Amino acid sequence: MKTLLVIWTGILAGIGGYTFFYANGLSYLSNDPRACANCHIMHEQFDGWQKASHHAVATCNDCHVPHDFIGKWLTKASNGHHHSEAFTLQNFHEPIQIRPGNAAVLNANCLYCHRDYVREITAHRTPNAEELKCVHCHDSVGHGPRR
Amino acid sequence: MKKFGYILLVMLAAAATVGGLLLKDNIATRKAEAKQVVFKLVDLTEQITDPATWGKNFPRQYDGYRRTSERTGTEYGGGGSDTLATDKLKADPRLVTIFDGYAFAIDYRARRGHAYMLDDQRTTKRVTQKPQPGSCLHCHAANTLAYRKAGLANGAPGTLDDPLISATGYAQLQTGFVKVSALSYSNATQLVEHPVACVDCHDPESMQLRVTRPGFLNGIRALATSTDPVPHLPSIEKWRAGDRQSPYDPNQLATRQEMRSFVCGQCHVEYYCGPKTTLFYPWNNGLKVEQIEAFYDSYKFPDGHRFYDWKHATTGAEVLKAQHPEFEMWSQGIHARSGVACADCHMPYRREGAIKISDHWVRSPLLNVANSCQVCHHFPEDEIRDRVALIQDRNHALLSRAEDALVALIQTIGGAMKNGATDTQLKSARDLQRKAQWRVDFVNAENSMGFHAPQEAARILAEAIDYAREGEIAVLKIQQ
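Protein chains in written order, with our numbering: chain A, -4 to 142; chain B, 2 to 481.
If you are wondering where the hints come from, they were derived from the structure by calculation, not from laboratory data.
Quantities reported herein were computed from a predicted structural model and do not represent experimental measurements.
Idealized CB from N, CA, C, for every residue including glycine.
Certain hints may be false.
[Said to hold, decoys possible] Restricting the straight-line Cα-Cα distance to at most 30 Å, the calculated cross-link-like pairs of lysine-lysine (DSS-like) are:
id, chain 1, residue 1, chain 2, residue 2
1, B, K150, B, K41
2, B, K239, A, K46
3, B, K301, B, K131
4, A, K71, B, K32
5, B, K357, A, K71
6, B, K312, B, K301
7, A, K46, B, K32
[To be verified] Stretch by stretch, here's where chain B covers chain A in the computed footprint (C-beta under 8 Å, at least three residues):
id, region
8, 33 to 46
9, 54 to 66
10, 88 to 102
Bound-form chain B, shown alone (with noise of 0.2 Å):
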């Protein structure tokens, strides 16, 4: 019976001793962990624009960029099947009426994650079946080298090895830009491999975020000249108020916490893109949805005509699309007042191990409130969540109503012209519709459903219903 108990102590006694070296050993899992150790496997390049070499050096953020490929929806974004996101036209018949004579009548659908943006393009009805301008790729493709061979083809100075972040760099790149934005799609799709990538935010010997989008290294330095308080963009406030001898390059002026959104700014923006002129982001004013229109009304094509974007097919008005102003909508909300960049939310900071890494799986905070909301907001997820829908059904319940009134708009004009209306009569109607729809667009095109700025977006909602009743009006004063 002794013998018994001395076996089942020392037992005991081995289990324990096994017990004290996994802890010591989990310990040491804990302390590894902890000693950073980047592993260079493959010498980067300006030439290099496949994300997988990029990722051989990089594999934690590579493994979030290809998940970008999942399929993810919210309440208002995204959705739809592994094959085709959700159509847009169907679930919103209104927008077919919004958008008669253009392109986006014809094909529109819900966002997809980046990992798509080239493929959906190439096959989007929209381009397609409609000739479009090698524009197009200035957002939907790593394109920095294919711009700067164009450049160099197209007589701009240095070589193809300078950096990019350089006076030859950035020559190559301009001159490039125009000459790719001349071609047809079909060609200039041709010129690109990937998808947005590595490259386009990251400067390959430092891994410093950049920008270098030719349209957003121009209409920023637009915006930086005009008088339009951006106290959340503190670079820019900073240089106006020096000498401005040189003109503002965010590349080597901005902060690193600027460079957070305007990395995601060079895209997430308003912008011309079509056929008539080189495609541009229409700052010189300011940021704010008037500010922006202003400089669309005073603008001339070559042609001499005023700036638009389709002549309505019911209506005759030349109208204006908006794309998908983000950066603009979010510059106005509390969350860019607080200092608070795009990256904060839609790539926070993950820990693997005791590495500190953002999450280049960019997606909807609301697929990932503990991380990005909760380091800010200490309430539960549910709440949190809550808070969001709140504010989302409400700017979808107005954006609602001012679709109605726009759609009600398009029919009383397409009325008065079978009743015979004149040109001249209906100027002033064709111009509130023009006003209108540029005022629901922009929330409706803006990808958070209000929520990067409830209050402007509600301030916008009103404006348009007010200008789409006021065109009714107008009308009727017509018929009188």
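If we strip away everything but chain A, and leave its shape as in the complex, we get (with noise of 0.2 Å):
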């Protein structure tokens, strides 16, 4: 009978290592921003991005996600288990919207390079203050002019 578990657990390990291989699953640990667009529905962002005035300074990791370390890899678990999900499910709203909390991570973002220019604008910024997000009015500089 343990002969059998023992099997049976490594079918699944095989099966569960192929799939993960088959789904280029190491390519999520990387910053390619290619990896972003292995699920098809990335592939308009993608295309912008890559006609988009930030396509020389930033990929996609640049501006998605936090730039420490806990907080990087914090988001990247956190949307990979969103987006495989809804991709799985195939239940997501369209056209894709951005959730809150990326939101927040990619204003920060944002300032992370940009936050000598816009002092004056950030400077007296109060805690509960609705935060002024950079790309209500810069809003092809990512992913290009709207479609």
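Both chains are sitting in their own frames, so use the hints and assemble them into the complex.
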């Protein structure tokens, strides 16, 4: 019986491992923008980014993932789970929309590079004030003009 | 007991294995979707007008196209039963007074989907009770082949195998267009089988967008030679700045984004299609309401008479009927200026698997807010709908006031005629009716209830109200 269990576990590990490999699972641990377009739902965003002004200076992760180690991997884990679930079950809103938490990460990353230029705008922000979103106006910098 | 534990474990392991395999399967499906494959089942040519044949190669687009037969309605557009669209004359009896003496006072209904355009035209009382010319077919049928055949029969060069976008193809199209337009409607309509179809907007070889309506090709060429600024149509501005050696041809010069409006603007425009001269688009001065009016006022029919659509039965004024100037109104709005094409909202992109297609179920964006509006406007659907409703409700209220003013003018002139006022005395009041009528109808016949250009629609209606009341004052002055 024990042998049988060991064999079963082996098969399970094999199938799981192969599925992970087949789904390019390791690529998600990288910073390569192509990994984000593994799922075809992101093709438009990927195409747009290649034509947008930030193409030369920022990849997906530079804008969409926090720059500190813990934040980065927590965000990757949360989005990885959320995206896999949505794409497998095909139950998401179209056109796809950024979630509030990810929008906050995004805005923080605008400031990560541009803080010096916007000091006058951000200096007097109180903790409870509705945060001013850079992309509200600068909406084409990441993914090009609206389609 | 230990045995049961093992069995349970094995079952769990089996379930997990099945789960793993299912996930692998799902990923394989998603990956397969990303391999875009076009299956070419039939060879398409200029001579195939049946959309079902094109649909064999493009089933996704064809599915959407067929859904234009579904009954849809919004607050201010469409509606009615599956067999008959909403009767506008019953909904707004003022229209009977406004169109007195014209076929629109007999039968005037809300729009239905593209699928019905030919049937509706063949059965409207405007056509069955009043003889109409073949011109009407210009925008209600897949007619390129019929035009080209008629062109060849009347001496145009080349053969049917020539591409439509060629010197000979154009010559066949234009010659046939003049000939078919001059036929009676009952004869002309036998030359066509289908409502607007694939071949009207797409090249059969490359599927590229193209315009095929002779009236549009002539009209947009005239617009290009005018001085009206058209910043939303960059290829025209570019042509104007060039040497102008050859006339403006949208099929050669327009950007893809412009073509996504031009194909709709082939028909969703103002034009003259009556019997007195061949159909034309009145864009020689520009696209604005008063520029079109000025062109009509200066236009003489072959018999030398000033342009008019019909003589009003109550007042005797020679007045104008607007068709459906969506392209003109859109041209004055913020969406056009921001580079948004008709197709962006009325045929928005949607996803099927990994394939991005434009939705060929052409319909109101209000029926598809997520794909149409939320691509640019990142607000909840309800908020977007409320914004549109606010614009349309305001426009509707203003339109209603303008119609009241126009009806009052018509009744005032009619009353003065009963009291013996002469044509000379009534000239200025009748001219003001013509101006007011043109403006009220420009907004009323335009299918967006003001949304395509809210401020422009309000400007036009304000002028309409002013002209109508000025007309009443003109009549009062006679009686003093």
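Here's how the hints hold up against the structure:
1. Restraint check: the Cα-Cα separation between B:K150 and B:K41 comes to about 27 Å, which is no more than 30 Å; the hinted pair holds.
2. Between the alpha carbons of B:K239 and A:K46 the distance comes to roughly 24 Å, so the proposed pair stays at or under 30 Å and holds.
3. Using a Cα cut-off of 30 Å, the hinted pair B:K301 and B:K131 holds, with the two alpha carbons roughly 24 Å apart.
4. A distance of roughly 22 Å separates the Cα atoms of A:K71 and B:K32; the hinted pair therefore holds under the 30 Å criterion.
5. Between B:K357 and A:K71, the direct Cα distance comes to roughly 27 Å. Compliance with the 30 Å bound is thereby established for this hinted pair.
6. The straight-line distance between the Cα atoms of B:K312 and B:K301 is roughly 16 Å, inside the 30 Å bound, and the hint therefore holds.
7. For the hint linking A:K46 to B:K32, the alpha-carbon distance of about 25 Å falls within 30 Å, and the restraint holds.
8. Only when three residues or more bring their CB closer than 8 Å to a CB of chain B does the claim for the region 33 to 46 of chain A stand; here the count is 5, and the claim holds.
9. Remark: the region 54 to 66 of chain A is not confirmed as covered by chain B, as 0 of its residues place a Cβ nearer than 8 Å to a Cβ of that chain, below the required three.
10. Restraint check on the region 88 to 102 of chain A versus chain B: 4 residues with Cβ-Cβ distances below 8 Å, three needed, restraint holds.
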